[in-house]
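Residues per chain are reported as follows:
There are 2 protein chains.
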Amino acid sequence: MKSRQMVLKSFPVGMPQASDFELIEADVSDLGEDEILVRTVYLSLDPYMRGRMSGVRSYADPAELGKPVPGEVVGQVVASRSSVHKEGDFVTAYSGWQSLAKHRIGETKGPAWGAIKKVDPEVAPISTAVGVLGMPGHTAYAGVFGLSDLKPGETLFVSAASGAVGSIVGQIAKIRGARAIGVAGSEEKIAYVTGELGFDGCFNHKGDLAAGFRKHAPKGIDVNFENVGGEVFWKCYDAMNVHGRIIVCGGIAGYNGPGENAPDRTMLLLGGLIARRLKMMGLLVGDWMSLRDDFVRDVSAWIRTGQLRYREDIVDGLENSVTAFQGLLQGRNFGKLLVRVTSDPTR
Amino acid sequence: MKSRQMVLKSFPVGMPQASDFELIEADVSDLGEDEILVRTVYLSLDPYMRGRMSGVRSYADPAELGKPVPGEVVGQVVASRSSVHKEGDFVTAYSGWQSLAKHRIGETKGPAWGAIKKVDPEVAPISTAVGVLGMPGHTAYAGVFGLSDLKPGETLFVSAASGAVGSIVGQIAKIRGARAIGVAGSEEKIAYVTGELGFDGCFNHKGDLAAGFRKHAPKGIDVNFENVGGEVFWKCYDAMNVHGRIIVCGGIAGYNGPGENAPDRTMLLLGGLIARRLKMMGLLVGDWMSLRDDFVRDVSAWIRTGQLRYREDIVDGLENSVTAFQGLLQGRNFGKLLVRVTSDPTR
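Chains as they are written, first to last, in the working numbering: chain A, 16 to 362; chain B, 16 to 362.
None of these hints come from the bench; they were simulated from the model. Fair warning: this is a prediction, and the values are worked out from it, not measured in the lab. Some hints here could point you the wrong way.
[Claimed, not checked] For lysine-lysine, the following BS3-like pairs were computed, each having C-alpha atoms within a straight-line distance of at most 30 angstroms:
1. A:K250 x B:K250
2. A:K101 x A:K132
3. A:K82 x A:K166
4. B:K230 x A:K234
5. B:K230 x B:K166
6. B:K230 x B:K250
7. A:K124 x B:K234
8. A:K294 x B:K294
9. B:K294 x A:K234
10. A:K133 x A:K17
11. B:K101 x B:K124
12. A:K294 x B:K17
13. A:K294 x B:K250
14. A:K17 x A:K101
15. B:K24 x B:K117
16. B:K294 x A:K189
17. B:K250 x B:K234
18. B:K166 x B:K17
19. A:K230 x A:K294
20. A:K189 x A:K17
21. B:K189 x B:K250
22. A:K294 x B:K24
23. B:K294 x A:K124
24. A:K250 x B:K294
25. B:K101 x B:K17
26. A:K166 x B:K294
27. A:K17 x A:K166
28. A:K250 x A:K189
29. B:K117 x B:K133
30. B:K166 x A:K294
31. A:K101 x A:K189
32. A:K294 x B:K117
[Unchecked claim] Reference listing, derived: stretches of chain B covered by chain A, where coverage requires no fewer than 3 residues with Cβ under 8 angstroms from a Cβ of chain A:
33. 243 to 252
34. 277 to 284
35. 297 to 309
A virtual CB, placed ideally from N, CA and C, is assigned to each residue, including glycine.
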């Protein structure tokens with residue numbers, strides 16, 4: 016039995032290039048006791064993966080050269096020596112960028128949220144288990160309900176508003192009775208965010224940001240859910256209200272390396288924190304496993320009632336994963352980005 | 016009756032210069048009902064005053080041209096038409112940089128903490144009412160007990176460790192059972208911080224900061240009480256532990272304007288917050304009036320028992336206030352900086 020694997024050949028410098036990766040076939044050994052074999056249906060592509068490719072340990076182990084890039088998948092159990100998951104079951108698993116992977120039940124590879132979990136295809140399309148009902152949705156939920164102290168009537172801003180996390184953040188904020196505004200990278204995305212998702216405002220992050228904040232948040236920003244960093248972060252910083260909270264979830268604008276030299280903003284940062292008694296808080300979903308049951312219950316219900324919508328951007332073929340990932344880092348995807356590695360037997 | 020006033024002639028650019036100020040005499044009109052006349056004994060000089068001189072409204076009204084620089088004093092009531100404070104009483108009042116000022120009881124000039132308060136010369140030297148038992152001590156207490164969630168056994172770092180706020184922060188941290196380390200600007204100050212104040216370590220902020228953190232905080236920093244900003248802030252940022260808290264109280268290194276262009280640190284900031292789930296929180300003492308009674312009770316007791324020590328740097332003469340303030344911005348003072356405007360009748 017062979018697994019097709021997209022392995023890392025070299026640690027990318029700047030934007031990952033096709034030459035940093037290689038598509039190989041690797042043998043899969045026989046199953047031991049309590050092991051299952053999972054065939055990848057959907058591979059989740061997420062911005063955090065860029066950090067894993069740096070060869071540096073941060074909050075998680077880095078990707079290793081010659082091994083599949085780490086990542087979570089939705090897959091189907093195709094062989095099992097476990098009583099927990101039987102052949103034919105759908106699961107999420109931290110298999111990485113490959114078509115087949117063995118997992119031992121009870122052993123967590125990767126981050127806490129990457130543990131093997133059963134997926135019920137009756138509840139929602141199985142792809143959502145790595146999207147709105149998976150890590151990105153859980154991240155949005157944890158940020159808003161766990162960290163932000165968002166109150167009805169307040170204004171929340173989220174960058175990458177049409178993305179897998181941002182789209183959920185804004186809709187949850189609305190459900191909580193707050194105003195939600197955001198930025199996105201195209202007119203089509205902006206129309207989706209204000210139309211289908213029901214945000215109170217959305218503007219282009221490539222346009223005049225200060226003007227966008229003045230227009231869409233005339234009373235200032237109470238909560239910034241930060242996904243992007245760069246100038247969007249700083250212009251939002253200028254717009255923060257007294258006692259505002261900044262949830263730092265990502266900074267994709269800087270993932271490929273630092274920008275040019277810039278004015279020293281240390282005093283702007285510290286002065287703003289003091290004068291407006293801001294709180295900035297880093298968010299990692301792994302700290303919020305205690306909220307997972309609440310998240311699944313609430314978000315499943317909101318999807319059923321139509322209060323919460325999502326959009327998927329599905330690319331076919333593991334061989335296209337690198338191009339798709341480059342697009343993710345450049346904002347070319349529209350909705351939660353997935354690679355369909357093998358056909359989805361439920362659709 | 017005349018008041019000697021140090022008034023602002025122009026908004027300083029960069030380091031305030033003597034030419035930005037002028038010493039004048041101004042008439043003091045007769046007292047109205049509920050008014051008192053306060054003769055300044057000690058004028059408190061504090062770093063926050065630089066911000067007031069910018070002509071820009073931040074969390075407080077800016078200093079006005081032609082008016083005394085705002086500030087708190089310890090003084091004696093020399094005339095009274097109030098039943099609350101009688102002639103001879105000592106009070107703190109937000110008189111500004113001048114020798115005599117009228118105040119109406121019940122009317123707060125300046126910040127919340129600047130309201131008129133009675134000072135009992137039997138409890139401690141009256142000068143401490145604007146130092147260890149006044150705004151700087153209250154700030155330290157609010158930061159540690161109100162915001163930092165400092166736990167026994169954790170390591171706290173404070174910049175400007177021999178200063179009015181920093182010296183109290185570290186000693187309170189020790190009383191709470193934490194380790195306290197800091198930086199100061201001279202060997203004499205360092206010896207005072209580790210000797211008399213009992214910090215666990217102190218190093219020179221002009222030296223090799225990364226080496227200082229490695230040596231004195233081998234297990235990293237759990238709480239940074241930030242007074243200085245600049246490179247000290249960023250090197251401490253590198254040393255922060257997972258779930259660390261950064262209390263931002265000041266950034267004196269940047270008060271005279273931004274530094275040179277520097278590498279863009281936005282990604283370092285956001286990446287650190289996420290990977291280590293840091294919290295950064297701005298601190299203004301005016302938010303913590305509810306802790307004032309606790310602060311006065313605890314700190315008074317710790318002074319009596321000798322658990323908490325303080326040091327004052329007293330400059331004589333209102334005419335020397337500008338030079339003294341320049342020294343404060345450059346770290347030339349050693350202990351809480353006061354200008355003795357008129358002689359202290361209690362000493």
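Hints and how they fare:
1. For the hint linking A:K250 to B:K250, the alpha-carbon distance of about 25 angstroms falls within 30 angstroms, and the restraint holds.
2. Distance hint between A:K101 and A:K132 is fulfilled; the C-alpha atoms sit about 13 angstroms from each other, no more than 30 angstroms.
3. The suggested pairing of A:K82 with A:K166 is violated, with an alpha-carbon distance near 45 angstroms, which exceeds 30 angstroms.
4. Under the criterion of a C-alpha separation no larger than 30 angstroms, the hint pairing B:K230 with A:K234 is inconsistent with the structure, at around 47 angstroms.
5. For the proposed pair B:K230 and B:K166, the alpha carbon gap of about 21 angstroms is at most 30 angstroms, so the pair holds.
6. Taking the CA atoms of B:K230 and B:K250, the gap is near 13 angstroms; set against the 30 angstroms cutoff, the hint holds.
7. Taking the CA atoms of A:K124 and B:K234, the gap is about 27 angstroms. The hint holds against a cut of 30 angstroms.
8. Taking the CA atoms of A:K294 and B:K294, the gap is near 7 angstroms; set against the 30 angstroms cutoff, the hint holds.
9. Distance check on the hinted pair: B:K294 and A:K234 sit about 25 angstroms apart at the alpha-carbon level, within 30 angstroms; holds.
10. A C-alpha spacing of about 24 angstroms is found between A:K133 and A:K17, which places the hinted pair at or below 30 angstroms, so the restraint holds.
11. With a C-alpha separation of about 20 angstroms, the suggested pairing of B:K101 with B:K124 holds against the 30 angstroms cut-off.
12. This hinted pair does not check out: A:K294 and B:K17 have alpha carbons roughly 46 angstroms apart, beyond 30 angstroms.
13. Taking the CA atoms of A:K294 and B:K250, the gap is about 20 angstroms. The hint holds against a cut of 30 angstroms.
14. Between A:K17 and A:K101, the direct Cα distance comes to roughly 21 angstroms. Compliance with the 30 angstroms bound is thereby established for this hinted pair.
15. Restraint check for B:K24 and B:K117: satisfied, since their Cα atoms lie roughly 22 angstroms apart, inside the 30 angstroms limit.
16. Of the supplied pair hints, the one linking B:K294 and A:K189 holds, its CA atoms being roughly 25 angstroms apart against a limit of 30 angstroms.
17. Distance check on the hinted pair: B:K250 and B:K234 sit about 15 angstroms apart at the alpha-carbon level, within 30 angstroms; holds.
18. Restraint check: the Cα-Cα separation between B:K166 and B:K17 comes to about 52 angstroms, which exceeds 30 angstroms; the hinted pair is violated.
19. Straight-line distance between C-alpha atoms of A:K230 and A:K294 comes to about 24 angstroms, which keeps the hinted pair within the 30 angstroms bound.
20. A C-alpha spacing of about 47 angstroms is found between A:K189 and A:K17, which places the hinted pair above 30 angstroms, so the restraint is violated.
21. Between B:K189 and B:K250, the direct Cα distance comes to roughly 23 angstroms. Compliance with the 30 angstroms bound is thereby established for this hinted pair.
22. Proposed proximity of A:K294 and B:K24 is contradicted: the alpha carbons are some 36 angstroms apart, above 30 angstroms.
23. Restraint check for B:K294 and A:K124: satisfied, since their Cα atoms lie roughly 28 angstroms apart, inside the 30 angstroms limit.
24. Pair hint A:K250 plus B:K294 holds up; C-alpha atoms about 20 angstroms apart against a cutoff of 30 angstroms.
25. Taken as a hint, the B:K101 and B:K17 pair is honoured in the structure, with Cα atoms around 21 angstroms apart against an allowance of 30 angstroms.
26. With a C-alpha separation of about 20 angstroms, the suggested pairing of A:K166 with B:K294 holds against the 30 angstroms cut-off.
27. Taken as a hint, the A:K17 and A:K166 pair is broken in the structure, with Cα atoms around 52 angstroms apart against an allowance of 30 angstroms.
28. For the proposed pair A:K250 and A:K189, the alpha carbon gap of about 23 angstroms is at most 30 angstroms, so the pair holds.
29. For the hint linking B:K117 to B:K133, the alpha-carbon distance of about 15 angstroms falls within 30 angstroms, and the restraint holds.
30. Distance restraint check for B:K166 and A:K294: the Cα-Cα separation of roughly 20 angstroms lies within the 30 angstroms cut-off, and the hinted pair is therefore satisfied.
31. Only pairs whose Cα atoms come within 30 angstroms are accepted, and A:K101 paired with A:K189 is rejected, the gap being roughly 40 angstroms.
32. Restraint check: the Cα-Cα separation between A:K294 and B:K117 comes to about 38 angstroms, which exceeds 30 angstroms; the hinted pair is violated.
33. Residues of the segment 243 to 252 of chain B with a Cβ under 8 angstroms from some Cβ of chain A number 4, which satisfies the need for three, so the listed coverage holds.
34. A stretch counts as covered by a chain when three or more of its residues have a beta carbon under 8 angstroms from one of that chain; for the segment 277 to 284 of chain B and chain A the count is 8, and the coverage holds.
35. Counting residues of the segment 297 to 309 of chain B whose CB lies closer than 8 angstroms to any CB of chain A gives 4, which reaches the minimum of 3, so the coverage claim holds.
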